[in-house]
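Chain order of the listed sequences is R and D. Quick note on this note's numbering: the first sequence kicks off at 1 and runs consecutively. Quick note on this note's numbering: the second sequence kicks off at 1 and runs consecutively.
Hints are not guaranteed to be accurate.
Claimed, not checked - What follows is a set of in silico ranges between Cβ atoms, one per label pair, in the way DEER data are often shown:
1. R:K246 x D:N235: 51 to 59 Å
2. R:T224 x D:V217: 30 to 38 Å
3. D:K160 x R:M42: 36 to 44 Å
4. R:D230 x D:T31: 37 to 45 Å
5. R:H21 x D:N222: 20 to 28 Å
6. D:R238 x R:K247: 20 to 28 Å
7. R:K246 x D:G334: 39 to 47 Å
8. D:P193 x R:T17: 22 to 30 Å
9. D:Y188 x R:T17: 32 to 40 Å
10. R:A186 x D:P187: 37 to 45 Å
Claimed, not checked - Which bits of chain R does chain D cover? Going by a derived footprint, with three or more residues having C-beta under 8 Å, they are:
11. 44–53
12. 80–88
The set of hints was computed from the structure by calculation and includes no laboratory data. The model shown is predicted, which means the values in this text are computed figures rather than measured ones. Every residue, glycine too, gets a C-beta built ideally from N, C-alpha and C.
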Amino acid sequence: MKEGYELIYKRPKTLTTKRMHYCPGCFHSTIHKLLMEVVEEMDIQDKTVGICPVGCSVFAYDYLDVDMQEAAHGRAAAVATAVKRMLPDRYVFSYQGDGDLAAIGTAETLHACNRGENFTFIFINNGIYGMTGGQMAPTTLEGQKTTTSPYGRDVAKMGMPLKMCEIVSQFDRVVYVERVTCNTPANARKAKKALKKAFEYQGKGLGTTFIEVASNCPSGWKCTPVESLDWLKDKVYPYFPLGVFKKPEEKE
Amino acid sequence: MGEVKFMKGNEALGEAAIRAGLQGYFGYPITPQSEVVEYLAMEEPKHNYVLIQAESEVAAINMVYGGAAAGSRVMTTTSSPGFSLMQEGLSYIACAELPCVTVNVCRGGPGLGTIQPSQGDYFQAVRGGGHGDYQLIVLGPNSVQEMVDLTILAFDLADKYRNPVMLLSDGAIGQMMEKVNLPDPKPYKPDKPWATTGKTADRERNIITSLFIQSEVMEAVNNKLQEKYKKIDENEVRFEEYQIDDAEIIVMAFGLTSRICKKVVDLARKSGIKMGLLRPITLWPFPNQKVAELAASDRVKFFLSVEMNAGQMVQDIKLAVEGEKPVYFYGRTGGIIPTPEEILDFAGKQIK
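Please model the entire structure based on the sequences and the hints provided.
Okay, here's the thing in structure tokens:
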């Protein structure tokens, strides 16, 4: 370090230097970084196993320098269940999109939560199927246009967007549920804090931890990255409120 | 050494898995194999394995994926409709080269079918079953003893080749009770440097995946898999011969029907017909070479495949016979077990 300079920002060593494939403005890259900062700060790279199923983040193993498994679409919770049960002293996380966690994989999600599997769900909810080109997701908002809801999501036909934090909070053995976002540096810091807490609770063996990121998809939403932040603020946060839904009682 | 017991096929299979060093079992109840998970649940407190009754067969096979990728000896068991549900997962497991043992205690189909025994899932077993080019190693037990012996073999073959191994059993073998020799438990020491157990400082991260988006890479992966399958085909064919040496009629049957066909051979020989039985123990790899040798022999007049389905293994026999000799088929479906007499009657009608 040059004299007179102070290092205030660096790439975590747990993140590879491979150039990410994510679209400009997408939160995935931010969340990857926050997650790997947590792994580095907790010094658990040698104890961490991640599961990335089908979705935009299916290639997450290219960027996260930890042992990783790619899972079938929707099955991350089942895969993570087995990994954690076989290796109970490791830190296990699933990194899933909305189609994966809340449509094709709803059964695996709910049953892992009900069993209180001691791993961390990282749920990236951007309200659309980004990888396949912008189709409707279980979390697409009422009236929101996608390639398979070209006239806007008709809730009379397709039901309401699923609120997963609210749903999984109902399970006794789910101990920590928080919805975060990354639209501002302050919120990104909160997101990182939530990820760290989830890993800490997991380390204590408390039960299932579930972090939802109210995320964006400028490409799928057909807008600029800046406009996507407006959409989040105007439409997404009112329906998917940020905050802690459930947390363990901490003894002070 | 070992232990002699009188056991039900499904329970013996569970006990064999424990003795082979089972570390994780993931399954969903379905008749006629539920006794496997019931047995393992009962025995769980005495051992160290993880047992999860999954929410579905889909979840179960993906738990197998995760457990195998974490470096553990893992197994699932099911019956026909459940095995259909597992096909996507098995395709991923085969591509990611994860060792595991799966068991199909086959029942009659198609559809919800019947809970009676069947061999109707032969095609599904030996042709891969799911999407893409892959092979399971498929073993066909014909007794409670083989439910034990082949389960232990299955775990070893799975690890040896990093490949999913399947036992294709049936409702009768699963449900019937026989005397069985149980070998002593074998200490299992995993040597799986590829497993995702946490990236230590001395190695690169381990990645378990079946995603190879670039065509050239995907083709290379396929080539590697095919090389492996070739090696398995060369080294792991297993079969049993019964009264083959002077046989003019070669009956072929696997699993339960092979036992009935032994009786058929005995009856035939009593009435002066030179019949023999060739029983594939590995359904894949299939004993093609042995069949071809017999087909080339002047002595052999024809082959007869006897199956509890509408004619599936008979196609593999025809592929191996390559038109050298007639290949006939006799089968029953719907969970009906053919009698030695009706098989002998059919065989007799083919004698010109």
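Go ahead and decide if the range 20 to 28 Å is satisfied by the Cβ distance of H21 (chain R) to N222 (chain D).
-> Check passed, 24 Å falls within 20 to 28 Å.
Has the region 44–53 of chain R got at least three residues whose CB is nearer than 8 Å to a CB belonging to chain D?
-> holds (count 6)
Could you say whether the range 20 to 28 Å given as a hint is met by the Cβ separation of R238 (chain D) and K247 (chain R)?
-> violated, 57 Å
Just tell me: holds or violated, for the beta carbon distance of D230 (chain R) and T31 (chain D) against 37 to 45 Å?
-> The hint (37 to 45 Å, Cβ to Cβ) is violated, given that D230 (chain R) and T31 (chain D) are roughly 57 Å apart.
Is the gap between the beta carbons of K246 (chain R) and G334 (chain D) within 39 to 47 Å?
-> Between K246 (chain R) and G334 (chain D), where Cβ atoms are some 52 Å apart, the hint is violated.
Assertion that chain D covers the region 80–88 of chain R - criterion: three or more residues, beta-carbon distance below 8 Å = Per the Cβ count (7), the hint holds.
Take a look at whether the Cβ-Cβ distance between T224 (chain R) and V217 (chain D) falls inside 30 to 38 Å.
-> Distance hint for T224 (chain R), V217 (chain D) holds at roughly 34 Å.
Outcome for the supplied range 22 to 30 Å, where the beta carbon pair is P193 (chain D) and T17 (chain R) | Taking Cβ atoms as reference, P193 (chain D) and T17 (chain R) lie about 24 Å apart, which means the hint holds.
Within 37 to 45 Å or not, the Cβ separation of A186 (chain R) and P187 (chain D)?
-> With Cβ atoms ~55 Å apart, the hint is violated.
State, for the Cβ atoms of K246 (chain R) and N235 (chain D), whether the hinted interval 51 to 59 Å holds or is violated.
-> 55 Å Cβ-Cβ, so the 51 to 59 Å window holds.
Supplied distance hint 32 to 40 Å, evaluated on CB atoms of Y188 (chain D) and T17 (chain R) | For Y188 (chain D) and T17 (chain R) the Cβ distance comes to about 39 Å; the hint holds.
Regarding K160 (chain D) and M42 (chain R), is the given constraint of 36 to 44 Å on their beta-carbon distance met?
-> holds, 38 Å
Hints 4, 6, 7, 10 from the list above are not met by this structure, while the remaining hints are.
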